[in-house]
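Novice: Take a look at the letters that make up each chain.
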Amino acid sequence: MRRLEPLLAPAVFVSMLAALWLIFMVVPTEKEMGIVQRIFYFHVASAWLAYMGFFTVAGASAVYLWKGSAAADRAALAGAEIGVLFCTFVVITGPIWARPIWGVWWTWDPRLTMTLILWAIYAGYLMLRAFGGDDEGVARYAAVLGIVGVLDIPVIRVSVRLLHGIHPNVLNQPKGSGLVDPSMRLALYVASIAMLLLAGWLAMVRMRQERLASEVAALRRQVEGRA
Amino acid sequence: MRAALAILRKDLRIEWRTKESLSSLIVLGVLLLVALTVAYDPTPETAATLAPPVLWATFVFTGLLGIQRGFLVERENDCLAGLLGAPIDPASIFAGKLAANLVLLAAMQAIVVPLVGLFLHVDLGASLGGLVVVLLLGNLGFAALATLFAAIAVRTRAREVLLPVLLLPLLVPLLIGAVKATEHVLASGLAAAGDALGVLAAFDVIFTVAGWLLFTYVVRD
Amino acid sequence: MDNFPYLFAAYAAIWIGLFLYVRRLARRSRELEEEIQDLRRQLGR
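Chains as they are written, first to last, in our numbering: chain A, 208 to 434; chain B, 3 to 223; chain C, 230 to 274.
Next up, chain A with everything else stripped away, as it sits in the complex (with noise of 0.2 Å):
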């Protein structure tokens, strides 16, 4: 893995390129949306890539609690950052896309409305993190967090379904379903690379910077502890 290291930030920029490159150049425009369809292809991929960062933070967060690795205690923080944000692409790119085609900016469309919970959920677990003190234990109060958090997801599915009770609503189209063209289809699948590769860079930024840091603060109270 550490001899792929080098490899990932120009994987980063030729899969994003190339995501583009499919997004507006190959791709034939959708008949029914027009041209905003194509928003559709980073809005879904960030969905993706913000499910993958609360699942690990789920994860991390188990590890942490049952071994207390300071790296599990890491991959959690940045997780939850890289979810975030994504999951903050996925909240802001669905109104704009609603907006022309629906006339809304906002249904309580199942899956919107429980993007917009994890959301809420995970900047709670951000909060906390940032605000719960100096206390050793927030680490361990932020994981707990993380892995209720994982384990309300199948019941907000299961809920928000009520929502909408018997009458078909006509905003709720399940998104994507118009996807016609095979060139449709991989420019979906690289988009969600370019996203997954750049989230991992990210990552792994965040998490080496996260290792400096008590590194930093370890020495910081040696040298206090000095004087």
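The set of hints was computed from the structure by calculation and includes no laboratory data. Since this is a predicted model, take the numbers as computed values, not measurements. Don't take each hint at face value.
Unchecked claim - Here are some chain B residues pointing at chain A (derived, C-beta under 7 Å):
| # | residue |
| --- | --- |
| 1 | P175 |
| 2 | V201 |
| 3 | I208 |
| 4 | A212 |
| 5 | Y219 |
What the hints assert, rightly or not - The following label-pair restraints were derived from C-beta to C-beta distances:
| # | chain 1 | residue 1 | chain 2 | residue 2 | range |
| --- | --- | --- | --- | --- | --- |
| 6 | C | V251 | B | A112 | 49 to 59 Å |
| 7 | A | D388 | C | R269 | 50 to 60 Å |
| 8 | C | V251 | A | S390 | 24 to 34 Å |
| 9 | A | G310 | C | R256 | 32 to 42 Å |
| 10 | A | P217 | C | R256 | 19 to 29 Å |
We put the CB at the ideal spot given by N, CA and C, even for glycine.
Please build the complex by placing chains B and C on the supplied structure of chain A, with the hints as guidance.
Specialist: Chains B and C alone, transformed into the frame defined by chain A:
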């Protein structure tokens, strides 16, 4: 199990003596209810739509404060440290506190629910059985998560504001289920609320177990 | 074809988000750098 019951009895006895939490919960619940409903003069149809969310909004906000207060009081007197010093499984502490919080919630609801019927001109007596089922299911899930996170919030700096911030997003599915279930129960009866009750039951199981397992990690100091 | 502003807005949002995060990373790195320099000085004393 015995430890949990002991803690439950201790908390209830303390509460019965001072009645501090209970009285402030009830007063707060009534005030919130008044604030939510005073400007509204509902027709029977709109009342049926308004009652479920008003009920649950009141329960959630009042419940949050009450449960948080419970832990705050313990922290001030360092009771938790004492409890943990004893050879009690922290999970039992969770169970005991959860039970105590359930009693507290039920007591508050016993006053607020009839008042909702009064203020909104809704006949709750007809659906009382179904309503109680929804309340029990909703309370359990709410109290499970609230107990777990109140223990966390009380140990952090921004405690008052942190508990709602952390808890409310997590509670959304419970709220959806509870409001929908209440709606169905008031409209036609318990049978119609099947889906919503399923959501509540799932929530309860997942988070009671999760709280039971994770509480140790919160109080381990 | 008149929905270009929305398309632009969506991509701009993603760009802005990424930029802000990367800037935050860079700032934090710089702060760490300064702290290391500071500690070095103190230890050299």
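Novice: Confirm or reject each hint.
Specialist: Tested hints:
no.: 1; hint: P175; in the structure: holds (4 Å)
no.: 2; hint: V201; in the structure: holds (5 Å)
no.: 3; hint: I208; in the structure: holds (6 Å)
no.: 4; hint: A212; in the structure: holds (6 Å)
no.: 5; hint: Y219; in the structure: holds (5 Å)
no.: 6; hint: C:V251 with B:A112: 49 to 59 Å; in the structure: holds (55 Å)
no.: 7; hint: A:D388 with C:R269: 50 to 60 Å; in the structure: holds (59 Å)
no.: 8; hint: C:V251 with A:S390: 24 to 34 Å; in the structure: holds (30 Å)
no.: 9; hint: A:G310 with C:R256: 32 to 42 Å; in the structure: holds (41 Å)
no.: 10; hint: A:P217 with C:R256: 19 to 29 Å; in the structure: holds (25 Å)
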